[in-house]
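> Since chain A is already given, all that's left is putting chains B and C on it; use the hints.
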Amino acid sequence: MSNYQKINQQYKGKDIISLQQFDTSSISQLFETTKHIITQLNTNTIVPYLQNKLATLLFFEPSSRTISSFSASIKRLGGVTIEYQNPLETSSAVKGETFEDSIKVFETYSDIIIIRHFENGSALRASNVADIPVVNAGDGYGEHPTQALLDMYTIHQRFNTLENLTGLIAGDLLYGRTVHSLLRGLSFYKGNTIYLLSPKRLMLPEKDVKEYTKLGLKLIQIHDEEDIPKNCQFWYWTRVQKERFAIQEEYEKIKHSFIITPNLLKNQGNKNMIILHPLPRVGEIDPRIDSDPRAWYLSKQMKNGMYIRMALLSLITGAL
Amino acid sequence: MSNYQKINQQYKGKDIISLQQFDTSSISQLFETTKHIITQLNTNTIVPYLQNKLATLLFFEPSSRTISSFSASIKRLGGVTIEYQNPLETSSAVKGETFEDSIKVFETYSDIIIIRHFENGSALRASNVADIPVVNAGDGYGEHPTQALLDMYTIHQRFNTLENLTGLIAGDLLYGRTVHSLLRGLSFYKGNTIYLLSPKRLMLPEKDVKEYTKLGLKLIQIHDEEDIPKNCQFWYWTRVQKERFAIQEEYEKIKHSFIITPNLLKNQGNKNMIILHPLPRVGEIDPRIDSDPRAWYLSKQMKNGMYIRMALLSLITGAL
Amino acid sequence: MSNYQKINQQYKGKDIISLQQFDTSSISQLFETTKHIITQLNTNTIVPYLQNKLATLLFFEPSSRTISSFSASIKRLGGVTIEYQNPLETSSAVKGETFEDSIKVFETYSDIIIIRHFENGSALRASNVADIPVVNAGDGYGEHPTQALLDMYTIHQRFNTLENLTGLIAGDLLYGRTVHSLLRGLSFYKGNTIYLLSPKRLMLPEKDVKEYTKLGLKLIQIHDEEDIPKNCQFWYWTRVQKERFAIQEEYEKIKHSFIITPNLLKNQGNKNMIILHPLPRVGEIDPRIDSDPRAWYLSKQMKNGMYIRMALLSLITGAL
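Protein chains in written order, with this note's numbering: chain A, 5 to 324; chain B, 5 to 324; chain C, 5 to 324.
It is possible that some hints are incorrect.
Note that the list lumps identical chains together, so a pair holds whenever it fits in one copy or between two copies.
Mimicking SDA-like on lysine to any residue, the simulated pairs with C-alpha atoms at most 20 Å apart in a straight line are [stated by the list, open to error]:
no.: 1; residue 1: K204; residue 2: S261
no.: 2; residue 1: K246; residue 2: F103
no.: 3; residue 1: K222; residue 2: T28
no.: 4; residue 1: K10; residue 2: G195
no.: 5; residue 1: K246; residue 2: G100
no.: 6; residue 1: K304; residue 2: D135
no.: 7; residue 1: K218; residue 2: Y193
Worth flagging that the hints you see were computed from the coordinates, not collected in a lab. Quick caveat, the model's predicted, so the values are computed rather than measured.
With the rest of the complex left out, here is chain A:
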């Protein structure tokens, strides 16, 4: 994995494939740019750093949230898009074209490519073919770097640091793509303690526990909501992913193992914490929580997704 091109404070022209390309310095730079964008959006609905640029969005996997977040990011930067969802079904791929040829074709028209794919490593393959920047919008069980960056930005926005934090990550820790990315991101910073709450069937794999521990995270596995310590600064809750279960009944039994209710929040929470969720949620957070000022998932966190993508796109195209 060390073959990813490091950013090293030079975003311009880089592909964004994996969180492993980042370090605390390039993340700081990204966060500063994000703040700059947010400031400008206070007085303008469009900040034209992608003016006259054409971005192609290739989503080989259904999506509404991520594609619309990227699409809005590009348009709020004054850029234009070409967008294809499920190109496998409606395109040359049906006729038997290789993935690499498809990428070359779309590269022809574009200044940048955003790709989501159902196979691990697809974004890297695309970046190896294309001479223009490629951004990974999620590939298989693999990486989804912009999601991790927006989660980290949101936590940083609240506590002004990503060091010496205590947090909880709950739900599906086995399949959850965002969980793995966030843990890796937090491991860049020192002194972080993360409680991991999951059904036994969906625990973080042992090899990941080892890896992130080695990278400096303190990980504590718990299996009961009552074991959530009261000093957590954030709760990062995730959905149990139905699409990962072959047997429907197994999913039904497990899906609502852990739910944030007003009661849980009262008993185990504290007044300074924030609650995050990568969304969509399917019942893991009681809607009565939504109006709580600590509920950042439907407001700040979501908006930060657009902001961080705007910053990233401005940086890799060299506009900022």
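Below, chains B and C alone, put in the same frame as chain A:
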């Protein structure tokens, strides 16, 4: 239904959910704005009242006509769009997300939301969740306010008034969404007489007859083309909607009950009238009528749809 | 076929339906405009000849390559688009609307219509209905004029002439739409000799051989790769189209009859030639060829598609 927020000459920031929010004064204001837009389009292809604004079009029901009319309206106002058709099939909704959460997500990226949905009341639900303006582009059997407004504008364009008119509404008066909206709209004005021509199976429901009569319309039900009075100022013809019939044969038997032919126009029409149709038509109007100067359905009426939407969007975003 | 409106050096306002509308003079004009656009794109990502124009793309047949090439062309000209793929499935057409009515509706919103359809002659039908320019992006087994023009432009780019050339066209000469268009285009110029290499099952129909011969092309049919003369200036390779075979086994037997391998290129090629392919390819060109400087299919040829479309759109809208 009295809970709809009245416009009261203040469009800016308002949701547009139902025709019931309007009155003769707000309609006049809208018509004036529409005329202003049309005048400007005589010399420009774009009038930039939505410059730098991002509109999200969420169409939970298949559509090509309405979505393209709204999309063109926004683009001819210099705005940009994010568009999703059938988001239920290709999105987070598949994963079990609630309608309310979906709206909150799209609100994050948008300055305005245009929604079409297959369920009555969906647009109102969306507007209750979102802090940005929501426009109803048709929900279920319910409302489709911009269609009624464009129909009214077209009649007004011809006769320079919406009072003391005599008109004919023909076809499916039971299920036709546009019929109900137009009747309501005409009931805002005094002295209107409407002939209703339909197969007995598709008559305007008795409760609606009562309601609109109470509101001031004079309604006269007829069941034979020969009973169309010769002094009608407009004929508003509608399609019998196949999708409302469980039994196909019943549809086939009834679908062409009433057809505008050159002969019918000659026998029952007059030289000052106009012919309208919400489209699509499926045989109710003989194509030989298309070149008649009284046939406004494929030309003026359709174009007015774009114009009235441009005016409405300019008003609720505060640009005009 | 003589009923197509000739361009005669007057592009403005013309429909582009068939290659038969062109002659050497109008093609020269188009090529000059294309060069002009390319020059400008060296210093700008957008050249605003379609600024404030709205183009509607109606693709009644699945496509990703052609629709994205047109969409990018329009956007790189500063124009905006409304795009519908498979409108038959998601639109008023489902409700039984005629093709002609659909075109009239979309015309309402648009400054130009780009159409692809599965039926021969559809683009011409659309152009007969619409008062705005209509561009054929491929209809049935019929015409695909912009593809032929980009192929010709690419050959011209290399040899600075379209006269007195020797070339090879290989693959499916029976069904290949692009093959027929290219042959017609080359027949406008004198002194051209074309070798035709195909399985016997997929030979150019006898009537076409006669027609193009009568128009001035020298056609030589061969059936063995070893018979390719070494002095060809271009190889135009095509895909055997799976979708044209009722019996799958027949397709499998024939699909890889002829493949460009490094060996074939070494034995039958020459150093000045170029290799073209309309794409997608499904194995007819060994990927090891891709890095050869003579391999123009994934780079220059593809880019020229966007350029020639930009030039054509600029001309018919009167911007250039």
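> Evaluate each hint against the coordinates.
We went through each hint and held it up to the structure:
Proximity of K204 to S261 under the C-alpha cut-off of 20 Å is restricted to the intra-copy arrangement: shortest distance 10 Å within a copy versus 56 Å between copies. Taking the closest pair of Cα atoms, K246 and F103 come within 20 Å of each other only across two copies (19 Å); inside a single copy the shortest separation is 28 Å, beyond that limit. In this homomeric assembly, K222 and T28 come within 20 Å of each other (Cα to Cα) only inside a single copy, at 18 Å, whereas the closest approach across copies is 67 Å. Neither within a single protomer nor between protomers do K10 and G195 lie at most 20 Å apart by alpha-carbon distance, with minima of 24 Å and 56 Å respectively.
Taking CA atoms no more than 20 Å apart as the test, K246 paired with G100 passes between copies only; the shortest distance there is 9 Å, against 31 Å inside one copy. For the homomeric pair K304 and D135, the shortest alpha-carbon distance between copies (15 Å) is at most 20 Å, but the shortest distance inside one copy (34 Å) is not. With identical chains, the CA atoms of K218 and Y193 are at most 20 Å apart within one copy only, with a shortest distance of 13 Å there and 71 Å across copies.
Of the numbered hints listed earlier, the single one contradicted by the structure is hint 4.
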